[in-house]
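Asks: Protein chains in written order, with my numbering: chain A, 1 to 528; chain B, 1 to 374.
Hints listed in this document are in silico derivations from the structure and should not be mistaken for laboratory results.
All of these numbers come straight from a predicted model, not from anything done at the bench.
A hint or two may mislead.
Rough simulated footprint, nothing fancy, chain A against chain B, three-plus residues with beta-carbon under 8 angstroms [claimed, not checked]:
1) 170-184
2) 219-225
3) 239-250
Between beta-carbon pairs, the in silico distance windows are [said to hold, decoys possible]:
4) B:Ile160 with A:Ser102: 33 to 41 angstroms
5) B:Ile160 with A:Gly128: 35 to 43 angstroms
6) A:Pro298 with B:Val341: 50 to 58 angstroms
7) B:Ser269 with A:Arg302: 19 to 27 angstroms
8) B:His104 with A:Asn261: 31 to 39 angstroms
9) B:Lys148 with A:Arg283: 53 to 61 angstroms
10) A:Leu299 with B:Ser324: 50 to 58 angstroms
11) B:Thr36 with A:Leu299: 36 to 44 angstroms
12) B:Thr136 with A:Leu299: 47 to 55 angstroms
13) A:Asp279 with B:Pro304: 33 to 41 angstroms
14) A:Glu239 with B:Asp211: 57 to 65 angstroms
Positions of the beta carbon are idealized from the N, C-alpha and C atoms, including for glycine.
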Amino acid sequence: MTRATPVGRLAAILFGVALISLVSACGSSAPSPENTLSVLAGSELKDLEPMLPDIQAATGVKLVPTYIGTLEGADSIAGGADADVAWFANAKYLSLLPAAASRIVASNQIMLSPVVIGVKQSVAQSFGWAGNPNVSWKDIESHAADGSFHFAMTNPAASNSGLTALIGVASALSGSSDAIDAGTIDSDAMKGFFKGQTVTAGSSGFLADTYVREQGTVDGIINYESVLMGLNAGGQLKEQLDIIYPAEGIVTADYPMILLNAAKKTAYDKVVAYLRSPDVQKRIMTDTARRPAVPGVPLDSRFPTTTLIELPYPSQLDTIDALISTYLDEFRKPASAIFVLDLSGSMAGDRLSSLQTALNALTGTDTSLTGQFTHFHANETVTIITFSSTVLDQRDFTIDDTQPDSPDMQAIRDYVDGLEAGGATAIYDALEQAYTTVQTDEATNPDRLYSIVLMTDGENNSGSDADAFTAAYDALPDAARNVHTFPIFFGDSSLADMQAIADLTGGQLFDAKSASLLAIFKQIRGYQ
Amino acid sequence: MNNPSRRLAALGLAAILIVGVGFAIFQSVSQHLGPTAVTLRGLIGSEKQPFFSDPQVVAALHRGGFDVIVATAGSRQIATADLSNEDFAFPAGGPSAAEIALNHSGTTSIVPFYTPMAIATFQPIVDLLTQAGVVTQQPGYLGFDMTKYMALVASDKRWIDLPGNTTYPVNKSILITSTDVRKSNSAAMYLAIASYVVNGDNIVQNNGDIDSIVQQTAPLFLKQGFVESSTEEPFDDYLVQGMGKSPLVMIYEAQYVAAAASTTGGITSQMRLMYPEPTIFSKHTFVGLTPDGTRLGNFIATDPEMRTLATQYGFRTSDTAAFSTFVTNHGLTIPDSLNDVIDPPSYEALEAMITQFEGLYAGSLPTLSPSETP
Chain A
1 MTRATPVGRL AAILFGVALI SLVSACGSSA PSPENTLSVL AGSELKDLEP
51 MLPDIQAATG VKLVPTYIGT LEGADSIAGG ADADVAWFAN AKYLSLLPAA
101 ASRIVASNQI MLSPVVIGVK QSVAQSFGWA GNPNVSWKDI ESHAADGSFH
151 FAMTNPAASN SGLTALIGVA SALSGSSDAI DAGTIDSDAM KGFFKGQTVT
201 AGSSGFLADT YVREQGTVDG IINYESVLMG LNAGGQLKEQ LDIIYPAEGI
251 VTADYPMILL NAAKKTAYDK VVAYLRSPDV QKRIMTDTAR RPAVPGVPLD
301 SRFPTTTLIE LPYPSQLDTI DALISTYLDE FRKPASAIFV LDLSGSMAGD
351 RLSSLQTALN ALTGTDTSLT GQFTHFHANE TVTIITFSST VLDQRDFTID
401 DTQPDSPDMQ AIRDYVDGLE AGGATAIYDA LEQAYTTVQT DEATNPDRLY
451 SIVLMTDGEN NSGSDADAFT AAYDALPDAA RNVHTFPIFF GDSSLADMQA
501 IADLTGGQLF DAKSASLLAI FKQIRGYQ
Chain B
1 MNNPSRRLAA LGLAAILIVG VGFAIFQSVS QHLGPTAVTL RGLIGSEKQP
51 FFSDPQVVAA LHRGGFDVIV ATAGSRQIAT ADLSNEDFAF PAGGPSAAEI
101 ALNHSGTTSI VPFYTPMAIA TFQPIVDLLT QAGVVTQQPG YLGFDMTKYM
151 ALVASDKRWI DLPGNTTYPV NKSILITSTD VRKSNSAAMY LAIASYVVNG
201 DNIVQNNGDI DSIVQQTAPL FLKQGFVESS TEEPFDDYLV QGMGKSPLVM
251 IYEAQYVAAA ASTTGGITSQ MRLMYPEPTI FSKHTFVGLT PDGTRLGNFI
301 ATDPEMRTLA TQYGFRTSDT AAFSTFVTNH GLTIPDSLND VIDPPSYEAL
351 EAMITQFEGL YAGSLPTLSP SETP
């Protein structure tokens with residue numbers, strides 16, 4: 001190497017500085033629009049967020065996710081949602097929806113996780129299921145039907161793991177293990193199976209959290225293999241779960257990344273190539289317990305080496321929709337939905353009318369894809385508790401006829417339309433009354449799925465306070481304490497107070513400041 | 001096979017898109033090689049996009065004097081697409097190519113490469129089906145008797161029903177996994193084979209027999225439930241998820257050969273390739289729409305380097321010795337020739353059958369429940 005002259009050295013230093021500032025400028029500035037992909041993603045994919053910076057570093061492409069439920073996402077894509085990429089646990093429902101299917105430019109599966117059932121070790125042993133490769137969905141059904149087995153599963157209308165399980169169980173219990181159609185579903189067996197479902201949820205992650213909280217009273221949980229492995233490794237279980245792969249077969253989520261915007265194909269190709277490279281596949285397996293989707297990456301020792309029988313998926317959208325509706329109306333335990341509604345003076349005007357719109361939409365007047373599953377279901381009871389300075393009223397409705405124009409639905413609309421605002425805000429008095437109601441109702445009707453929705457637009461300024469409510473809640477029997485409250489953050493309500501109520505009761509906060517009350521009510525229906 | 005873009009398919013009926021990657025590669029390569037080539041546009045079957053995006057292929061085409069911009073579409077779409085701005089069309093199937101040639105005067109059709117329809121499976125399945133008389137050892141390959149297979153499907157047989165089955169005691173129906181017959185050429189070729197069998201070993205004509213033929217072949221497709229749109233997907237599932245998902249998969253022989261030749265292709269010691277009897281050749285037919293387009297077709301078909309590259313993708317070319325050497329070098333036993341090969345039906349007859357399937361899937365025609373299967 002020749003010695004640089006002083007001028008040459010200076011030039012080299014200046015060049016170096018320029019290079020460094022150029023590099024740092026590239027690192028800190030946002031990627032160009034063609035290297036930014038907006039991603040409509042299933043909430044199951046939140047656990048991949050730690051990888052996003054690495055994806056960007058390796059490919060130059062920034063993924064900007066917005067999380068959404070499976071059917072809500074499919075509905076939104078069919079409705080023309082402005083996203084470059086869709087990424088859900090499963091895209092079969094999406095690709096059966098003509099308006100969504102026509103937007104699919106390319107599709108590549110990224111990873112795999114079968115939907116299976118985790119059973120507490122002691123329960124598995126007592127049933128002879130431990131280490132037994134022949135345990136079937138039929139076996140699980142017989143213990144669920146005789147009341148000796150209770151499990152948690154998500155709502156198939158809100159979450160892919162629930163929908164996948166419902167389809168697999170319907171196929172297995174039909175006796176044929178073929179793709180189901182309306183005529184092959186064994187209703188009695190389905191009712192028997194879902195007699196055992198005592199916990200529901202609107203997302204797979206929330207279901208896992210709820211299982212941890214209620215593990216004393218539930219025997220098992222249907223979820224992705226990856227989530228069950230995560231529970232076993234998470235240190236929060238009193239008892240490990242035996243992961244059972246029922247003999248008739250299972251349905252596997254394949255997490256396809258779908259290109260919707262053809263103009264972003266170059267960026268999409270880069271991300272897919274990166275995610276499907278062997279090293280990244282291995283990392284996904286190690287970090288998230290999902291199986292590789294490409295050949296040549298062997299499963300690590302956590303995974304069983306047995307052959308997993310895959311059950312077929314229906315080819316008809318109508319079949320799936322009918323199955324979901326029948327599940328909600330007939331197969332699962334009926335719901336008791338309690339709505340605790342603020343009618344304080346500040347609700348007058350737009351706030352009250354948007355609340356009325358949201359509640360009325362649940363009486364079957366919303367004919368959208370998501371609307372058809374979020375309306376009140378057959379045999380459901382709906383309790384509305386209104387409050388302002390004190391509890392104002394409590395009214396019970398029972399749904400026998402789910403037609404939008406039925407007297408049952410009309411009665412709810414009439415009541416809701418007659419609501420008027422005025423007075424102060426006694427949140428905790430109203431909530432305490434809701435739990436008292438639950439306690440009474442559970443004594444006479446234990447086989448129902450209870451939930452409480454709290455909608456308030458302000459802070460508590462009347463009646464008992466948070467501490468008094470907490471004391472009353474803590475004094476309740478287990479069954480009533482296991483009923484979650486889903487508070488809605490709305491208007492001038494206190495985020496901290498709402499979050500505290502969700503945390504105390506094992507519920508989940510819903511933010512109606514960034515979405516309409518209508519959308520929030522429909523989301524909450526997934527948890528009821 | 002590992003190139004992820006290989007899996008990209010124009011799904012749905014609408015998507016016909018310019019392949020940006022291929023364009024970018026040809027741009028960067030052609031800048032290095034100089035500007036002596038003529039630029040041609042073509043509409044190709046989506047399964048050949050990885051081939052045309054391969055930098056080696058781009059360079060070889062450029063050396064021959066061609067820079068090629070391709071858009072992709074399903075073979076069925078190509079047949080009816082507007083080709084007025086294209087120099088060539090290159091569908092996967094002969095019937096589509098014949099329809100294009102019929103509708104465009106002065107075209108030249110060339111078959112640069114072809115691949116037989118084959119069935120990917122596993123040794124335990126081979127053993128079970130051999131015992132059941134469906135699979136027989138032919139000189140140099142395993143033959144899969146379509147007539148006997150279709151009798152099993154018609155009688156609603158499940159894997160567990162096979163006598164002496166302890167290796168795959170599964171309650172699912174015995175079915176070959178295919179793609180969507182409404183969208184994918186490989187499924188259309190499967191239908192061509194099945195319809196030949198139910199038509200008394202005759203190629204289906206576009207006449208009144210089609211209703212009955214579709215009804216008899218419908219269970220092969222409808223009983224599968226949900227099916228994927230592109231042939232890459234079920235084959236990838238075969239490689240990754242194995243026998244539990246798809247014990248039998250209808251594929252192009254080329255897919256299996258290319259996977260076996262790849263170091264990370266995923267072919268394991270239990271995997272086997274069989275040939276339906278009868279089988280059919282998927283003839284990748286190049287239709288030159290302009291004189292330059294026809295020159296390109298001849299170049300792809302006759303240039304030794306182009307043929308070598310096609311062989312690496314598992315295709316058979318006119319250079320049969322090169323294919324034999326290639327598969328032998330990768331430890332594969334692949335027959336030079338097959339005994340029982342039929343021609344596909346005409347474009348019109350195939351379309352008439354597929355149109356009826358569209359009706360079956362849309363529910364406007366009654367579907368058969370398993371107990372009613374003929």
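Asks: Of the hints stated earlier, which fail here?
Replies: 5, 6, 9, 10, 11 and 12
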